[in-house]
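Trainee: Sequence lines, in order, name chains A and B. Mapped onto our numbering, the consecutive letters of the first sequence carry residue numbers 1 to 335. Mapped onto our numbering, the consecutive letters of the second sequence carry residue numbers 1 to 86.
Just so you know, these hints were derived from the structure itself, not from any lab. Since the structure is predicted, the reported quantities are computational estimates derived from the model, not experimental observations. We treat Cβ as the ideally placed atom computed from N, Cα and C, and that holds for glycine. One or more of the hints may lead you astray.
To be verified - Under the rule of at most 27 Å between Cα atoms (straight-line distance), these lysine-lysine pairs were calculated in the DSS-like manner:
#, chain 1, residue 1, chain 2, residue 2
1, A, Lys34, B, Lys84
2, A, Lys252, A, Lys132
3, A, Lys310, A, Lys248
4, A, Lys135, A, Lys248
5, B, Lys76, A, Lys274
6, B, Lys84, A, Lys273
7, B, Lys76, A, Lys273
8, A, Lys158, A, Lys216
9, A, Lys270, B, Lys84
10, A, Lys248, A, Lys137
11, A, Lys132, A, Lys313
12, A, Lys316, A, Lys137
13, A, Lys312, A, Lys274
14, A, Lys310, A, Lys252
15, A, Lys2, A, Lys316
16, A, Lys288, B, Lys84
17, A, Lys229, A, Lys152
18, A, Lys229, A, Lys35
19, B, Lys76, A, Lys229
20, B, Lys84, A, Lys274
21, A, Lys270, B, Lys76
22, B, Lys84, A, Lys35
23, A, Lys313, A, Lys2
24, A, Lys149, A, Lys229
25, A, Lys35, B, Lys76
26, A, Lys288, A, Lys158
27, A, Lys35, A, Lys149
28, B, Lys76, A, Lys34
29, A, Lys248, A, Lys270
30, A, Lys137, A, Lys312
Stated by the list, open to error - With the Cβ distance kept under 10 Å, some of the chain A side facing chain B (calculated, not the full set):
#, residue
31, Leu33
32, Gly36
33, Leu37
34, Leu41
35, Gly43
36, Pro166
37, Asn228
38, His234
39, Trp267
40, Asn271
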Amino acid sequence: MKTKITGMGMYLPEQTYTSEEIEERAGFTRLGLKKGLVRMLTGCESRHYSAPDEMCSDLAAKAGEAAVRDAGLEITDIDALIFGAITRDYSEPATANRVAHLLGMKDCFTFDIFNACNAFISGIDLADSLIKTGKAKNVLVVCGEALSKWTKFDYTDKDELLMRAPVALSVGDGGGAFVISAAEDDDPSGIVSTYFRSLPQFWEVGVIWGGGVIHKEESMLFVPGTVNKLTQAHADMTKAYFPPSIEKAGWKVEDIDCFLMTQIADWILKNIKKTVGGRDDQFISVIKNIGNCGACNIPLTACIARDTGKIKKGDKLCLMGGAAGASLGTVNVVL
Amino acid sequence: METKQITLDEIRQTIRRVMSELVEFDVSEISDDALFIEELGVNSITIVQMFLTCQDTYDVVLANEMNLAEPMSVQKLAELVYSKLN
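One chain only, chain A, in its complex shape (with noise of 0.2 Å):
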């Protein structure tokens, strides 16, 4: 038993935003700061916001809906759908559900899945393992990020802003799904491995301190920005995790066509190429136009790869994502 991607899908919001922008609704021309620090530090120039009315569960639906179509699906084929994402409609009950029956959904069983950044390939390998055991046959894996909705704005202090901003205003909004199918042995296409590690020795890093029973205030509801210890130790994690990832899809760095990964700086992954040794033809930068999406980089810069012909049928994938937590994890696939 194998399962492959069968479909993808993506939702981008209609509003879109300069970096210049964001900073000016943030004060720093009141504080003021010089504009230009999100660009220069992570190359994010634009990114699309939800509007007020529009949820996490609708923008995973939309990307959902497009990833059945792509399949080749119905609604009906599918049995499980799991939403994995940073934020979430309400704490209680699981988003999926509203994405479920947004998606007009009956017979299937639904739950989220959190794990940072990498929640949304989490859900691809639980999928994986949900098939292989003869619990599903179609998993929608679905991701609405809202994040601008857990962006601080209102910033008073001059030094807090420019701890925070350059990182947390680089975030985006967006969705993106994939359908994980049952596939014959002798498919070409499919998930080769999953390779997950956490290093909770980070786990006091860039976390979002609201929303859990400890700061229950709205406050304390945002992106914080401060994920500095975690940049500075990507080279090292990269060097100490990558190896064995690939190992275990029996690849070399050589062999992969594409990386989909975690869209945080263009350095980083700049670094992380050169790290890996990978070409400048494998790896993908979409956080220019989209910036980072949180859980939603990789299913949307899969969409996208594919909607500009980096990426096709039969090309061996690798899906690298890094989080907090920390987390690290990866999928290797043939699409």
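Given chain A's structure and the hints, the job is docking chain B onto it.
Mentor: Structure of chain B alone, referenced to chain A:
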């Protein structure tokens, strides 16, 4: 009309002036080769601010060269700007 050539030394002076506005130590006492993060303990956002100011001051694009994992000093940044101008 002849355009005045910007020298490497002028760029170094600009970087030192910008840096003096952003850090708490006396910039006149550091060497041009002292590494910002590794030797001077400068935080990464300060380096990004210096890149941004140099980019605007000299009307060059430095975004593609901004890499916080690579060692940077007054001399290295000045050479980078100088290479973009020439």
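Trainee: Hints first: check each against the structure and report whether it holds.
Mentor: Checked hints:
1. A threshold of 27 Å between alpha carbons decides the hint, and for A:Lys34 with B:Lys84 the separation of about 22 Å falls inside it, so the pair holds.
2. Distance restraint check for A:Lys252 and A:Lys132: the Cα-Cα separation of roughly 26 Å lies within the 27 Å cut-off, and the hinted pair is therefore satisfied.
3. Taking the CA atoms of A:Lys310 and A:Lys248, the gap is near 25 Å; set against the 27 Å cutoff, the hint holds.
4. Taking the CA atoms of A:Lys135 and A:Lys248, the gap is near 25 Å; set against the 27 Å cutoff, the hint holds.
5. Between the alpha carbons of B:Lys76 and A:Lys274 the distance comes to roughly 20 Å, so the proposed pair stays at or under 27 Å and holds.
6. For the suggested pair B:Lys84 and A:Lys273, the alpha carbons sit about 24 Å apart, so the restraint of at most 27 Å is met.
7. The straight-line distance between the Cα atoms of B:Lys76 and A:Lys273 is roughly 23 Å, inside the 27 Å bound, and the hint therefore holds.
8. For the proposed pair A:Lys158 and A:Lys216, the alpha carbon gap of about 25 Å is at most 27 Å, so the pair holds.
9. Between the alpha carbons of A:Lys270 and B:Lys84 the distance comes to roughly 20 Å, so the proposed pair stays at or under 27 Å and holds.
10. Simply put, A:Lys248 and A:Lys137 have alpha-carbon atoms about 24 Å apart, close enough for the 27 Å limit, and the pair holds.
11. A C-alpha spacing of about 22 Å is found between A:Lys132 and A:Lys313, which places the hinted pair at or below 27 Å, so the restraint holds.
12. Of the supplied pair hints, the one linking A:Lys316 and A:Lys137 holds, its CA atoms being roughly 23 Å apart against a limit of 27 Å.
13. The hinted pair formed by A:Lys312 and A:Lys274 meets the criterion: a straight-line CA distance of about 24 Å does not exceed 27 Å.
14. Distance restraint check for A:Lys310 and A:Lys252: the Cα-Cα separation of roughly 20 Å lies within the 27 Å cut-off, and the hinted pair is therefore satisfied.
15. Only pairs whose Cα atoms come within 27 Å are accepted, and A:Lys2 paired with A:Lys316 is accepted, the gap being roughly 16 Å.
16. Between the alpha carbons of A:Lys288 and B:Lys84 the distance comes to roughly 22 Å, so the proposed pair stays at or under 27 Å and holds.
17. Straight-line distance between C-alpha atoms of A:Lys229 and A:Lys152 comes to about 21 Å, which keeps the hinted pair within the 27 Å bound.
18. Restraint check for A:Lys229 and A:Lys35: satisfied, since their Cα atoms lie roughly 24 Å apart, inside the 27 Å limit.
19. Simply put, B:Lys76 and A:Lys229 have alpha-carbon atoms about 24 Å apart, close enough for the 27 Å limit, and the pair holds.
20. The hinted pair formed by B:Lys84 and A:Lys274 meets the criterion: a straight-line CA distance of about 23 Å does not exceed 27 Å.
21. Between A:Lys270 and B:Lys76 the CA atoms are separated by roughly 19 Å; this keeps the pair inside 27 Å, and the hint holds.
22. Pair hint B:Lys84 plus A:Lys35 holds up; C-alpha atoms about 22 Å apart against a cutoff of 27 Å.
23. As the CA atoms of A:Lys313 and A:Lys2 are separated by approximately 17 Å, the hinted pair is consistent with the 27 Å bound.
24. This hinted pair checks out: A:Lys149 and A:Lys229 have alpha carbons roughly 25 Å apart, not beyond 27 Å.
25. Using a Cα cut-off of 27 Å, the hinted pair A:Lys35 and B:Lys76 holds, with the two alpha carbons roughly 24 Å apart.
26. This hinted pair checks out: A:Lys288 and A:Lys158 have alpha carbons roughly 26 Å apart, not beyond 27 Å.
27. For the hint linking A:Lys35 to A:Lys149, the alpha-carbon distance of about 22 Å falls within 27 Å, and the restraint holds.
28. With a C-alpha separation of about 23 Å, the suggested pair B:Lys76 and A:Lys34 falls inside the 27 Å cut-off, and the hint holds.
29. The suggested pairing of A:Lys248 with A:Lys270 holds, with an alpha-carbon distance near 24 Å, which does not exceed 27 Å.
30. For the given pair, A:Lys137 sits about 24 Å from A:Lys312 by alpha-carbon distance, which is consistent with the 27 Å threshold.
31. Nearest Cβ of chain B to the Cβ of A:Leu33: about 9 Å, under the 10 Å cut. The hint holds.
32. Proximity of A:Gly36 to chain B holds as hinted, the smallest CB-CB distance being about 5 Å (cut-off 10 Å).
33. Hint status for A:Leu37 relative to chain B: holds, with the closest Cβ pair at about 6 Å, below 10 Å.
34. Restraint check, A:Leu41 versus chain B: the minimum CB separation of about 5 Å is within 10 Å; hint holds.
35. Interface restraint check for A:Gly43: the shortest CB-CB distance to chain B comes to about 7 Å, inside 10 Å, so the restraint holds.
36. Evaluation of the A:Pro166 hint against chain B yields a held restraint, the C-beta minimum of about 6 Å falling below 10 Å.
37. Hint on A:Asn228 holds. Least Cβ distance to chain B is approximately 6 Å, under the 10 Å limit.
38. Restraint check, A:His234 versus chain B: the minimum CB separation of about 8 Å is within 10 Å; hint holds.
39. Using the Cβ-Cβ criterion of 10 Å, the hint placing A:Trp267 at the interface with chain B is satisfied: the shortest such distance is roughly 4 Å.
40. Against a cut-off of 10 Å between C-beta atoms, the interface hint on A:Asn271 holds, since the closest Cβ of chain B lies about 5 Å away.
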